[in-house]
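Engineer: The lines below spell out each chain.
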Amino acid sequence: MQPALTIPKEEQSQPPLRRKRLPLSFIIAGLAILGAVGYLVYANTQANAVYYLTVSELKNCTSAFCTTQSVRVAGIVQAGSIVRDDQKQTVSFVMTDSGKSLPVVYSGIVPDIFQPGITVVVEGHYTGHGPFQAQTLLTKCPSKFQSTVKS
Amino acid sequence: MYFSDLGTIALILALGFAIYTVVVGILGATRASAPLVTSARRSALVVTFFLLTASASLIISFLIHDFGVSYVQQESNLAMPWYFILSAFYGGQEGSLLYWALMLSIFSAIFVFTSRRVHTALVPYVVATLMAIEIFFLIVLITASNPFVRLPVTPADGIGLNPLLMDPGMLVHPPMLLMGYMSFSVPFAFAVAAMITGKLDSGWLRSIRRWTLAAWSIQTTGLLLGAWWAYHVLGWGGYWGWDPVENAALLPWLTATAFLHSTMVQERRGMLKVWNLGLVIASFALSIFGTFEVRSGIISSVHSFAYSAVGPYFLAFLAIIIVFSIGLFLFSLPRLHPEQEFDSVISREGVFLLNNLLLLGVAFATFWGTIFPLISAALRRQTMTVGPPFYNHVNGPLFIILILAMGVGPLLAWRRTSSRVLWRNLAVPASAAAACAIVLPLAGISDIWANIGFAVCSFTAGAIVYEFWRGMRVRHSHGEPYFLAFNMLIARYRRRYGGYLVHLGLVLLAIGVIGSNLFQIERDAVLTPGQQLNIAGYQLIYLGNIGYQTPGVNTVTAQLQIWRDGSLQRYIYPGRQFYLHFDNQPTSMISVTTFGLTDVYVFLDNWQGASSATIRVFINPLVPLVWLGGLLMLIGGITCWWPDRRSRAGSRFITDPDLSRPSAIYRPVAEGNIPTPSIAPNKTDADTVGALSEAATQSGDTCPPDRVLCVKSFAPTGGAANVPTPLADPDGTDSVGASEILRCAQDDSAEQRRSLGIPVPQTGCCVSIPRPSPQRSEAERVSILRPAGEE
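Line order of the protein sequences matches chains F and Z.
Counting from 1, one number per residue, gives the positions in the first sequence under this note's numbering.
Counting from 152, one number per residue, gives the positions in the second sequence under this note's numbering.
Pulled from the structure, derived: some chain Z residues nowhere near chain F, Cβ distances all over 10 Å:
| # | residue |
| --- | --- |
| 1 | VAL174 |
| 2 | ALA307 |
| 3 | ALA578 |
| 4 | MET623 |
| 5 | ILE641 |
| 6 | PHE670 |
Computed Cβ-Cβ distance ranges for the label pairs, DEER-style:
| # | chain 1 | residue 1 | chain 2 | residue 2 | range |
| --- | --- | --- | --- | --- | --- |
| 7 | F | LYS88 | Z | PRO592 | 37 to 43 Å |
| 8 | Z | PRO592 | F | PRO103 | 44 to 50 Å |
| 9 | F | LEU22 | Z | ARG182 | 37 to 43 Å |
| 10 | Z | GLN533 | F | GLN133 | 17 to 23 Å |
| 11 | Z | ALA585 | F | GLN115 | 51 to 57 Å |
| 12 | F | GLN87 | Z | GLN720 | 28 to 34 Å |
Example chain Z residues on the side facing chain F (calculated, C-beta under 10 Å, incomplete):
| # | residue |
| --- | --- |
| 13 | TRP387 |
| 14 | ILE497 |
| 15 | LEU509 |
| 16 | ALA528 |
In case anyone wonders, no lab produced these hints; they're calculated from the structure.
This structure is a prediction, so every number in the text was calculated from the model and none was measured.
Where is the CB? At the ideal position from N, CA and C, for every residue including glycine.
Build out the structure end to end from the sequences listed, making use of the hints.
Structural biologist: What follows is the structure in structure tokens.
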């Protein structure tokens, strides 16, 4: 491209070798942003990462984090184990996976498709004994791309 | 023979023609053979025809209830209304891939029909790239995921669509999002063509920018509809959950947004070519990643899409795209050196670069969070996940800075801005922010983040409104009423003011997000008739449950009254619906009532007989602004993109090597008794052209003979004046904000002479160029204003 107004020839054809590097101000501003992004990602990963386990992994867990930190646990809701308490708005049920089972107590809104046999993910604290106190209960939709087969 | 057989045959034929197109297109390009290229273009249209045939076959199979087709049996049943049966076309995996392929072929056809304005060297490569992508989808459709597979026995009825998808949102959200993913193919094809041919001229930029804008608008629509759907169907009180599937749709949108900004730097200053190509490639790769992620089951998502056999296909395709693009990239790198250098970080391009880094920062954080389970599993042998707090804490601050940059950017000139001008321009938005920062805490908002967020939003809103006001004031001073001036401003400078509309929309959306995230109130209650729930000044009185049946659906609703300030506002009926075949998966009927800018969101959780209900109520402040802002962003995006006769005339002036044609800008000026437009010496860019055409349109105005229309330019300081920036923005729609047109200023003949191609010191704020006389040759005129970029 050549500029709009006629300008002296020597200015039009600068040899590419003479290109200076990015001005320092750009480098500083860029590094500041990259640093901020890096810091935010790192710090929040540290703060918010949650272990994701299956019921059997939790049961077999020997690390300290399983009982000291909030964990997410995935398992299948056992048939006939769901007990709802409408007054306290709690639901208790048993999650199973690979032969291990885990009793769960959850208070809050139960998703539409919560029912025996589906996979659920609960998040909360596990003390190592007694029921798992779930703060959140996520159900997995059967699928967006496949409808459930009628039983 | 069934229609499904016709569909399979059409797919195979489409594959054949797609392969033919790629081979002939590349041959035609390398041998510079016009007949071969024409043949490739035509055969791309044939591919479109066969994909239309295949899609029609599937739709007919649905409409005639041919349950012998496995896909039809899975996705539809006799009880479904016809519009949901039509939407079942893309409701399952096979159909959604067919829809993808169909849309790609339609976009290819649109490209073929509109490619006359694209450089001829690029066309065969663009068509070949599009068809290469099409080949991949056709192979998947024919082998792993064929929608036309027949069952051994034809069942009497089908299963039907998942009830969650039986929603009006289903009719529009998935097709928009899939089309959005798909539409990033066209900019990618342009990028590939440019890397092969080395033609990254202004015509290429215009084409790729328009196609990216189209893709951006479609993806914006898809994301908004998805948020709307989640809010009104899923019942958790929010509209965006940072779910991996949502993130996947956001990622290409972020990189495309970055591209749309940095491309202006390339347009104006010939820089960032490598960066821009990278962004286009990244957008496409991310859109394929999204399509892949949704179908592969590699990342556990709440959506949890079915694991399917097409995952490995997409992974392989993604790998091919990345390897191919990087290879081409390295091949073309030597040709992509920048034409100019960066001067100052306090400049328009500086802000664009900042914007790019921030958008990529958001994209990186989102991508990181999405694939964190894979990363942690690989590194620590322990799967870990991050939830919404991670995204909110990382992306929230980045978006706040981004919005601040959005307000500052238009106030800065290209290259560099003097601090005096900057401070003067900052006055209005800074006052708005200060007012906001003072008023809100007094109004009882103590949350520090909300105050920062709202202040930044009002800063940017102030800057944008001020920009509109300045433009309107200038036009008003030419005698236009303010309303007309507003409309003309947008109509004439679509890109600039369309962009401002997008920004204003994003600001509104951000206000809505801040409000609903930080000030949401939530309460649950088990109610018996007559009992009430008080929340944030609203009283909800429960009356009882009502049940009713319609064919295929059983419905239960709770009847409640909303009272406010002692008066009954309305009755609401949150409920549940049970669909035939899906009676263990009820869907929610959520009641959302909007009072001013606050949503009262009521969800029926559980019920006992006719006289007990468990409800959950959310008070969601400012959520209506999310939809309003989203709509404004969409309108702005379409405004930028919308074809404009004037801009085409202007672009011909820039790019058409045919010098004998009179230019759009000069034509009206040369006619009649029109005052001579004048330009500032250091502004040969869009400001000037915009001002010239502005002056030309004011031809009805009369100035005294010794006076002219004049552009006053707030010149940047420093020695930059001698090197005018190239004229690269023909329609002047992205001009620097810091200029305004003064009417009928003093004509200065000395400056007039100097402006004829000779650098002029920038001290004079107002000079004029002589009116082009018939005596001067067209070529000489063009030497004044034409960038002479390509030819």
